[in-house]
Structure formats: C-alpha cells, structure tokens
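A.B. asks: What follows is each chain in one-letter form.
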Amino acid sequence: MGNFLSLVSVENIKLWKRFSTKLMVLIIVVVVFGLSGLVKAEQSIVQNQLNGTTQTTSQASGDWKQQLQATNVSLQQQIDTEEKSTVQREKNNLDTLKMEIAKNNYRIENNMQPQKDSGFWDWISSFGFAPFVALLAIIACSGLIAGEFSDGTMKTMISRPFARWQILTAKFIVVAVYSIILMILGYLALLGSIAIFFGIGGAGSPMLLWIGGNVVNVPGFVGSLITNGLDYLFVLVYLIFAFALSAVSRSRALATGLSIFLMFGGSFIALLAQNFDWGKYIFFADTSFSAFVMSGAPFYGITLGLALLICAIYCVGFIFAGYFTFAKRDIS
Amino acid sequence: MPTAVLKTANVKKMIGKRTIVSNISLELHAGEIFGFLGPNGAGKTTTIRMIVGLSNITEGNIFINGHSVRSEFREAMRDVGCIVENPEMYKYMSGLDNLKIFATLYGNIDKARIDEVVKIVGLENAIGDKVKTYSLGMKQRLGIAQAILQRPKLLILDEPTNGLDPAGIKAMRALLRNLSQNEGMTVLVSSHILGEMQQMCDRVGIINHGQMVTVKTVDELTGMSQTSGKASLLLRTGDNAKSAEVLVEAGIENHEESDGIHVNIAADKVPEMVRLLVGANADIFGMDSMESQSLEDVFMKLTGEENK
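Just so you know, the sequences run in chain order P and Z. Quick note on the numbering used here: the first sequence kicks off at 2 and runs consecutively. Quick note on the numbering used here: the second sequence kicks off at 23 and runs consecutively.
Hints in this document: simulated from the structure, not taken from any laboratory. A hint or two may mislead.
Pairs of lysine-lysine residues, derived as PhoX-like cross-links and limited to a Cα-Cα distance of at most 20 Å, are as follows [what the hints assert, rightly or not]: (1) Z:K154 - Z:K122; (2) Z:K238 - Z:K141; (3) Z:K29 - Z:K175; (4) P:K99 - P:K41; (5) Z:K252 - Z:K175; (6) P:K23 - Z:K323; (7) Z:K152 - P:K18; (8) Z:K141 - Z:K192; (9) P:K18 - Z:K122; (10) P:K66 - P:K104; (11) P:K18 - Z:K113; (12) Z:K152 - P:K23; (13) Z:K29 - Z:K161; (14) P:K329 - Z:K39; (15) P:K104 - P:K117; (16) Z:K122 - Z:K152; (17) Z:K141 - Z:K152; (18) Z:K113 - Z:K154; (19) P:K18 - Z:K154; (20) Z:K161 - Z:K113; (21) Z:K122 - Z:K141; (22) P:K329 - Z:K154; (23) P:K66 - P:K41; (24) P:K99 - P:K85.
Please put together the full structure from these sequences, using the hints given.
C.D. replies: See below:
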C-alpha cells in the first residue's frame, strides 16, 4: 500500500511543474497592484474635479454628533416603513439600516468622529480581490482533476497501490493549499499597494464590524483579517464546487468554464434571493460572506450564520457527489 | 500448488443490458508469457481494464497473487505494472520527471533503478526532454519503463506493439523474453497480430465475441495447423508453370500464385515430390513452409471469421 503522503507530494509536483501555476502566483500580485493603481487614478481624477468647485465650509467638530443623530432619525423612519411591508423586495436593506443606526450611536457614545477619507485598514478590508483568487484556484483545480481525464493521464494513476478516494483527496489538499498561498500573497500585495498608492494614514484607527446584530470594535488589522478570512471562505466554497464538477464532468473545459461563470454570475443569482424568500436557499446567493460584517446582510431574512450553514450543506453534497462518481464509474 | 500470478474467475462485464465479456476464466503461472489474442472488439481490452482496476467487474472476481482486485485493490496493484491502450504521460514534464513521479508512488525505487530502466528501454538520450517532444515509439518505450519500474510480478501490456516499427517490435520481443527468463516476470500481452504472438508467447488464449474460445500452448496451436501429417509448402522454381504441370500429372494438389506454387501434400510424401521435380530438371530456388499462413487459417477458423 502506498504512502498517502507520497501521493500528496506527487500531486503537488504535478501542480507546480505546470508553467501556468507559477504564472498565476505572479498574476495575483500584478492584478492587486494594477487594480489599486486604477482606483487611485480614478480617485485623482475625481479629486481634481472637486477641487475646481467651491467647498462648503467644514463644520466645527461638535456638530458631527448632531448630524449623526439627525441621520439616525431618518434611518429609523425608513426602518419603520420597511418593517411594515410584507414584500420581500422592500425589506432587503433592513439589516444595513439597522447597522448604520447602531454604528452612529456607537460613534456618538464613544466619541469616534467619522473620518472623511477611508483609513488604511478600510481599504484592505473592502478591496475584495477574492474573486481573482477563486478564478485562479478554480483553473488549477480543474486542471489537476478534470485535466487528467481530458489528457488521458488518469489511466496511469489508477492502476497503482492507492484507493481512488486517496487520489482525489490528495489532489484537493494540494489545490486548497495553493488557494491559501494565493490568498496570502494577494493580501500581502494589497498591503503593499495600498500603502504605496494611498499611504498608511489611519493605520492606527479601529474598525467597526457588524457581527450578530451588534457593533464590534476591533483593531484595524484584526478587522482586515476577519473580512479577508471570510473572503477566503468564498474562495473555498467555489473551489469545492469546481472540485465536484471536475470529478463528475471529467472535462477540463466544462469544469473551468461553468465554475467561473457561476462564481461571477452568482451576484446576479443573488437578485433572485432579493425578490423571493426562498432565494436564500440557492447556493450562489449566499456566498458573499464578508458583506455581512461590513455592510449588513445583502438581503432580507439571512444572517451570516445561516449563509455559512447553507453553503456548508451544499459543500457536503458537492464533495459527496465528487467522490462517489470518481470512485464508482469506469475510467475510459 | 503455488498461487497463480493472475487468476480470473468467471469474469463478466456488462454495460447496461449488454454483455461485453463473459465466462472469462484464466490462470497465469509465474514466469510465463501469455498471449491474449482476438480480433478487434473481442473483449481483450475490456478484460484487461477490469484486471487493472479501470473498469468495474460486473460478475466474478480477479486475483493477483491471491489478492482480490475487488476487495484488496491496493495489495493487488502493488505487484502489477501495465500499459493500457496508448500510455499517456505528463507532456509538460520530462520523461525523467514522469518516471520520478511513478517511483515516488511506490516508495522504494532509487535513482539507480530509474537509470537502469531508462537504459533497458533505450531512452538515455531523450529522457531529459519534455514528453511532448517524443515520437510515438518513444512514448511507448517510456510506457514500458514506467510499467517495469517497480519490478512487478505481473506485467500487463495491451497491444504494446501498436505504432512501433519492425525494429521496435523486435526490441520489445527481446525485452519481454528477457524479463520473463531473467527476472521471472509473468507477462500478459494482448494483440490481434498472430505472428507476433507466435514468436513471443508460451501460451495463447483466444477470445472472440466476449468469450474465451480456447487456451493452448503455441506449439499446440501450430500443431493444429498441420492437420494429420499434411505439409503446406511454398515452392519457388525457375519455371513455375512447368513445375505445376509436373505436379498435377503426379496428382499432387497445388495452385500457382504470384509468390510461387502453393502445395498441399502429405508430410511423408515431400521427399518424393522433390525427387520428381529434380528429375524433371526443374530449378528449385526455394521451398518454404507456409505454416504461419495455416496458423492464420486456424485462428480464423477458431474465431469463426471465415464464415462472415
């Protein structure tokens, strides 16, 4: 019986010997820097336009609390209206409104004046490069699993002293580790590019996250880890989906194309969730985990816990489907 | 009695309602080269795929050194090396990298063994190049290399001479003989080329329409072509037309072809025929046995292709 660790090492070699794998590592860094640069460029243009018009006088610092209180009053009115409605569509930003009110109250109580510009950690937390990591990880996963069927090399792997489930598990481990590496590299690249383009102003400021219906005050760095960690879960669930699709379809083209399409199109499917109360049971509607803690639930009737649970159930189903078809079907 | 290296017990493969192969019962002994012979579509590859775990076994069981492929797959595969259809290697890596990967899977193969195997298949010069640059013959040889790397007790080759030139086929033949005699490997070779099987194998199992037709030694099979002491000869003389007349007059069954005169005659009457021709001043340039052709007849007869 072969050693499982040897199998994992073999799959790892297969992944990293591909030129595209190494290229993708470079791509994630370039993409992060490129996007940061684009945002900075856009910001500069807008800034120049603003500087041309006259600014209204800045208020004295004492006024900001009154402003927030006034805002809260109107927000509360919106909440009252929406809660009375029975139509799903009209209740979708309830959680966001509640979050805004709570954050404003917290600021008032704790003397935290809202800053005009985004702080360093705000940038890091809201940038959202996870879809690119997911894209690259899906490509690697389809290549390593479905690709071996398409290339005909899977035959040479089967007649070895290993069970089929071991082969599949080794491949998944290797791809999951690869996705973590990409995520970390992207995060580091983000730290670098934001620092370069926007400076590190506000690096000492805390972040206010919205967790379980409460405002949670965390250091900026911790906040960025929480949001990017949740973003990694987004990558992971789509990776599991691609894994299952690769094992079932055995076609690199189908697995890659369909997974990527559904990942990017998921937000469109989320529109369904916004209009129907059963929408939240669709896998693709529930995957924007970090949105929950940053800007409130994306639609009515869902919490972060529920979203994670629903996606977990789907993932168990995906994994089971992948293993079952891989183990039971003849290899052509 | 020692355990058979390979034993298939009443193996059946069905896809949906269709039976592809049935009643396949074979036993291979240590050190023998067994030919699995049959026309295209007979079920050779299907059977082999079941032996090496690529296809599910619908009914029956397969044992390799006593280990059931159904329930002890990993133990069974430990002693197996195989090439099924055209072996596909990882094209983006070199031949050496490919071999290193397979060596890692088995765990106990050192660099010396890899080098030894590369030398055996004659790929020293190309082993560092990426597989996508390899010719078909080179890929085939690399396939053999990965199959024998772990010194398997059972070597299974599905149509290994596919795409090889005559030199390659000859080298393959020598290699298999060597492996069987010097390393005691048991070899299962499948083919539809009768001549090759005859030269390589100890025993031959003929399969057709998904069923085993017969299992015989090569000698037995050859003997079958010589029905009750008859000889089948090819005569090349200076004047074939004249020689044919001579034979006809003597009552010897023959007919002229483009390659010479085909003669069917009782084996003990051959010397008489020679004296007859010499006596008629015929220039005899060659007299060959058409045994291999009659072996084809045997094969055709056994597989019933003649009647199609």
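A.B. asks: Are the hints correct? Go through all of them and say.
C.D. replies: Outcome of the hint check:
no.	hint	in the structure
1	Z:K154 - Z:K122	17 Å, holds
2	Z:K238 - Z:K141	34 Å, violated
3	Z:K29 - Z:K175	13 Å, holds
4	P:K99 - P:K41	31 Å, violated
5	Z:K252 - Z:K175	41 Å, violated
6	P:K23 - Z:K323	59 Å, violated
7	Z:K152 - P:K18	12 Å, holds
8	Z:K141 - Z:K192	17 Å, holds
9	P:K18 - Z:K122	13 Å, holds
10	P:K66 - P:K104	12 Å, holds
11	P:K18 - Z:K113	11 Å, holds
12	Z:K152 - P:K23	18 Å, holds
13	Z:K29 - Z:K161	30 Å, violated
14	P:K329 - Z:K39	18 Å, holds
15	P:K104 - P:K117	16 Å, holds
16	Z:K122 - Z:K152	14 Å, holds
17	Z:K141 - Z:K152	18 Å, holds
18	Z:K113 - Z:K154	5 Å, holds
19	P:K18 - Z:K154	14 Å, holds
20	Z:K161 - Z:K113	10 Å, holds
21	Z:K122 - Z:K141	15 Å, holds
22	P:K329 - Z:K154	31 Å, violated
23	P:K66 - P:K41	30 Å, violated
24	P:K99 - P:K85	15 Å, holds
Going through the hint list in order, the structure does not satisfy hints 2, 4, 5, 6, 13, 22, 23.
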